[in-house]
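*Asks:* Single-letter residue listing:
There are 2 protein chains.
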Amino acid sequence: MNYSSFFSDRDLEFMTLAINLAERGRFTTAPNPCVGCVIVKDNNIVGTGYHQKAGQPHAEVYALQQAGELAINATAYVTLEPCSHFGRTPPCADALIQAGIRRVVVAMQDPNPQVSGQGIARLRHAGIIVEVGLCADMAEHLNRAFFKRMRTGMPYIQLKLAASLDGKIAMASGESKWITSEKARQDVQVFRAQASAILSTHKTVTRDDASLTVRYDELPPEIRAIYPQTLLRQPIRIIIDSQNQLSGNENLFQQYGEIWLATKFPRKLPHANCHLLLDNKGKDHIDLNWLFEECGKKQLNSIWIEAGAHLAGALIEQNLVDELIIYYAPKLLGHNAQNLAVLPTLNLLANAPQFQFKSVVMVGEDLRCILHKQH
Amino acid sequence: MNYSSFFSDRDLEFMTLAINLAERGRFTTAPNPCVGCVIVKDNNIVGTGYHQKAGQPHAEVYALQQAGELAINATAYVTLEPCSHFGRTPPCADALIQAGIRRVVVAMQDPNPQVSGQGIARLRHAGIIVEVGLCADMAEHLNRAFFKRMRTGMPYIQLKLAASLDGKIAMASGESKWITSEKARQDVQVFRAQASAILSTHKTVTRDDASLTVRYDELPPEIRAIYPQTLLRQPIRIIIDSQNQLSGNENLFQQYGEIWLATKFPRKLPHANCHLLLDNKGKDHIDLNWLFEECGKKQLNSIWIEAGAHLAGALIEQNLVDELIIYYAPKLLGHNAQNLAVLPTLNLLANAPQFQFKSVVMVGEDLRCILHKQH
Chain A
1 MNYSSFFSDR DLEFMTLAIN LAERGRFTTA PNPCVGCVIV KDNNIVGTGY
51 HQKAGQPHAE VYALQQAGEL AINATAYVTL EPCSHFGRTP PCADALIQAG
101 IRRVVVAMQD PNPQVSGQGI ARLRHAGIIV EVGLCADMAE HLNRAFFKRM
151 RTGMPYIQLK LAASLDGKIA MASGESKWIT SEKARQDVQV FRAQASAILS
201 THKTVTRDDA SLTVRYDELP PEIRAIYPQT LLRQPIRIII DSQNQLSGNE
251 NLFQQYGEIW LATKFPRKLP HANCHLLLDN KGKDHIDLNW LFEECGKKQL
301 NSIWIEAGAH LAGALIEQNL VDELIIYYAP KLLGHNAQNL AVLPTLNLLA
351 NAPQFQFKSV VMVGEDLRCI LHKQH
Chain B
1 MNYSSFFSDR DLEFMTLAIN LAERGRFTTA PNPCVGCVIV KDNNIVGTGY
51 HQKAGQPHAE VYALQQAGEL AINATAYVTL EPCSHFGRTP PCADALIQAG
101 IRRVVVAMQD PNPQVSGQGI ARLRHAGIIV EVGLCADMAE HLNRAFFKRM
151 RTGMPYIQLK LAASLDGKIA MASGESKWIT SEKARQDVQV FRAQASAILS
201 THKTVTRDDA SLTVRYDELP PEIRAIYPQT LLRQPIRIII DSQNQLSGNE
251 NLFQQYGEIW LATKFPRKLP HANCHLLLDN KGKDHIDLNW LFEECGKKQL
301 NSIWIEAGAH LAGALIEQNL VDELIIYYAP KLLGHNAQNL AVLPTLNLLA
351 NAPQFQFKSV VMVGEDLRCI LHKQH
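For the record, the sequence lines run as chains A and B. If you're matching positions, the first sequence starts at 1 in the UniProt record's numbering and goes up one per residue. If you're matching positions, the second sequence starts at 1 in the UniProt record's numbering and goes up one per residue.
Keep in mind that the hints were calculated from the coordinates and are not lab data. Since the model is a prediction, treat every value here as computed from it, not as a measurement. Please note that the accuracy of each hint is not assured.
A pair counts as met if it fits within one copy or between any two copies, since identical chains are not told apart.
[What the hints assert, rightly or not] Each computed DSS-like pair below joins lysine-lysine, with the alpha-carbon atoms no more than 25 Å apart: (1) Lys358 / Lys183; (2) Lys183 / Lys298; (3) Lys373 / Lys41; (4) Lys268 / Lys41; (5) Lys177 / Lys373; (6) Lys41 / Lys183; (7) Lys373 / Lys264.
Based on the sequences and whatever the hints tell you, model everything.
*Replies:* So, in structure tokens, the structure goes:
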């Protein structure tokens, strides 16, 4: 396919707006991707839209509705290749054709190998000028979780850690409330709210009596402004409890929302919203690769993990972490405090798991570092 | 004293330039402070100067020389209160008066309680308009080491650490070459070059066969451009060797430059450039407070410390660290690797030593965090 790569500053401006719109859906679109659309006629924006929720119209449909007859001979900026198949809604490529759109600028092709390029082909076949690749990096980043699942069948794995400057996550006594500040914990709520699922272990759940829910009131005001409480989606909570040690009386089970228990042995479900993920091979640890494959099959785009040093270490050693989010509090806990990651097989510096800093910002008095797996 | 606090944008521009000029002296002025001066007549810069080296003229003198007769009725911007006493050079306050300067803008008063305010008083007595406080924070930061010594008699203590994301400084085996990147190690050279002294322990010197010198060729080109090799000043190397375990054959002693050995017992000096700092009270550890007091008496403004987890921990526990410089490499070394700081007496999270992030930048692929003691 022959892609144009020359875009004007106006093109850039409109596509950036489309990406900003798409981002507004990041709390609610799962398992779908976030998509934004801007329709422009004679350099005026005549329609905008973004996808909000699976089952509801796609971005293009909202934007075309707004544009009405002004869509004729207009340009549409879309952050992802328009779909060409009947899903829960009719194909957007057809809607663009029927509305009389003359040119479509697409940030990136659909990464799903089954459909990739077909929407673009359909538009071109109808005589529409299609240009692909504007803001492709931003569009890729926006839906990196969805795309990973499309490409590999596996969800995007985010591992969150909170540590002191010397990489300690608790005192020797276990005391860890609170190493990081309230602002950092509020920031965590924003990440939780975007995840398809939150994963932890029976140990963490028991120790902290954690509910692992999104607490709407703790989201910062700027997030609440774009994410109304009526749309609040509680991520699925996945608890690794291989030996069935959770009784069902924990705080976790008292909170609204679905819970998946990953276990080695069948058990009676403690709660109506509970499901089992049964890994009946071997005796001890849940196979993490198997677990994530299961999650991928069940359409989870992303998993946000809050856990202790053992699970963190296992994820890192097995090269399963796509994104590491570390909050550093500006204090030191010393050599006796508890380590961030247990890596039993690592002996040589040359074999140390390697990441790349992608973003570093202050969150209150703490530092938040986001790192990606090094490829 | 009544200080004006209204300054124009032009004032700000000229004082910023004076501070930039002052910074050029930061490798060479010790034990003196860095000072810059800009002379402005009818909104034109007619003279600039900065202090380069103890014994050489002060910033004001260079700027006045350049300005010549244009100094008459001009404004002088000076980053530190002009001196009023005869030191190795005549008082700068007198030079400004004699040159016919009409107005002097001073970033901050001299913090030395013995002379503070006297230069300003002398200028005002001569009928010069004196305004104080423009860019005071920047001026304070620039000479924070010198000022600390003036105010407390103690040098400014910078503790440098290089760690993995999980706060480890070496593998269990001791392997630590290299956790951080070459760029980070080059960056360390710039800090070393600015310090009055570099401090380490016999253990670190022996283990790494470290020379602890400034390697001019490793300074980045932008630093070499303002710091000619002919002016290269090797910071004094202070080695804590309480039990006289260094033989004198180490690489350290083969390099040009002064060495101070901090010890509990008199010893034969292994080298002509060596001096003893003898702490003959008690038997085991060097008293760090005593050591820094000695260094302050010997006019050391700042000490750059590169050491292991024990000295780092002792400095932190005794609240002696003014500035923590941590390079984080984007990798994990795991629970068996060596800790960053030994803090034997810390048991409660509430008592954890607390710092504040002051600057966070990428240095190559690593992250450099600078933290200050929390007051």
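*Asks:* Under a CA distance limit of 25 Å, which applies to lysine 358 and lysine 183: within one copy, between copies, both, or neither?
*Replies:* Cα proximity of lysine 358 and lysine 183: in one copy and across copies (21 Å, 18 Å).
*Asks:* Within a copy, between copies, both or neither: where do lysine 41 and lysine 183 come within 25 Å Cα-Cα?
*Replies:* Neither, since 43 Å and 50 Å both go past 25 Å.
*Asks:* Within, between, both or neither: how does the pair lysine 373, lysine 264 come out at a Cα-Cα threshold of 25 Å?
*Replies:* neither (29 Å within a copy, 49 Å between copies)
*Asks:* State whether the alpha carbon distance between lysine 177 and lysine 373 is at most 25 Å within one copy, between copies, both, or neither.
*Replies:* For lysine 177 and lysine 373, only the inter-copy Cα distance (22 Å) is at most 25 Å; the intra-copy one is 29 Å.
*Asks:* State whether the alpha carbon distance between lysine 373 and lysine 41 is at most 25 Å within one copy, between copies, both, or neither.
*Replies:* neither (42 Å within a copy, 57 Å between copies)
*Asks:* Is the C-alpha distance from lysine 183 to lysine 298 at most 25 Å within one copy, between copies, in both cases, or in neither?
*Replies:* Neither: 33 Å inside a copy, 45 Å across copies.
*Asks:* Evaluate lysine 268 and lysine 41 at a C-alpha cut-off of 25 Å and name the case that applies: within, between, both or neither.
*Replies:* Neither. Shortest intra-copy (60 Å) and inter-copy (88 Å) distances fail the 25 Å Cα cut-off.
Of the numbered hints given earlier, the model fails hints 2, 3, 4, 6 and 7; all others are met.
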